[in-house]
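**Q** Sequence:
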Amino acid sequence: MADESPISLSGGPPETQLALAPAAARERLQAALEVGRDQRRAAVAEVAAAFPRYLDAWASLGDLARDDTEAYAYFRVGYHRGLDALRGAGWRGSGYVRSSHEANRGFLRCLAGLARVAGAIGETDEAERCRHFLHQLDPGWRESTSER
Numbered sequence: 104m105a106d107e108s109p110i111s112l113s114g115g116p117p118e119t120q121l122a123l124a125p126a127a128a129r130e131r132l133q134a135a136l137e138v139g140r141d142q143r144r145a146a147v148a149e150v151a152a153a154f155p156r157y158l159d160a161w162a163s164l165g166d167l168a169r170d171d172t173e174a175y176a177y178f179r180v181g182y183h184r185g186l187d188a189l190r191g192a193g194w195r196g197s198g199y200v201r202s203s204h205e206a207n208r209g210f211l212r213c214l215a216g217l218a219r220v221a222g223a224i225g226e227t228d229e230a231e232r233c234r235h236f237l238h239q240l241d242p243g244w245r246e247s248t249s250e251r
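For the sequence shown, position 38 matches number 141 in my numbering, and the numbering has no gaps at all.
It is worth saying that the hints were derived from the structure and are not from the lab.
Mixed in with the good hints there might be a few duds.
[Unchecked claim] For each label pair, taking beta carbons as the anchor points, the in silico distance ranges come out as:
id	residue 1	residue 2	range
1	171	141	14 to 24 Å
2	225	187	25 to 35 Å
3	152	228	28 to 38 Å
4	134	169	18 to 28 Å
5	139	171	19 to 29 Å
Since we're looking at a predicted model, the values are computed, not measured.
A virtual CB, placed ideally from N, CA and C, is assigned to each residue, including glycine.
Based on the sequences and whatever the hints tell you, model everything.
**A** In structure tokens, the structure reads:
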């Protein structure tokens, strides 16, 4: 019986690309991010509730959080949902997840946010693990590459 697994001739680590979120989710998030500052977090929360697998919504909630503890919770949800999505896309715990693929950015933003707020609340070991993991997944990651 022939093995039907694809063979990689690149010699480098595999690269995983998540699927884009539905257009409706992306459109609703864009609209939510454009509402007035006082209503923005609630509008983005509605998008996350309607599309709980949409990682950019969780990353945006983390960015809009009222304090570091709330941000930590949003980023952690996005991080864990992202790990599930990566596994579903064939990721086996190693290889690249690059920000050059738009669909990967939500996960990477959640991981970067988790690193940032973990450090802010004194979880220095977790902050360092997250930063290290982030740069393993995308060695070219820069915070400025996130869609903040």
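**Q** Under the constraints set out in the numbered hints, which ones does this structure not fulfil?
**A** none
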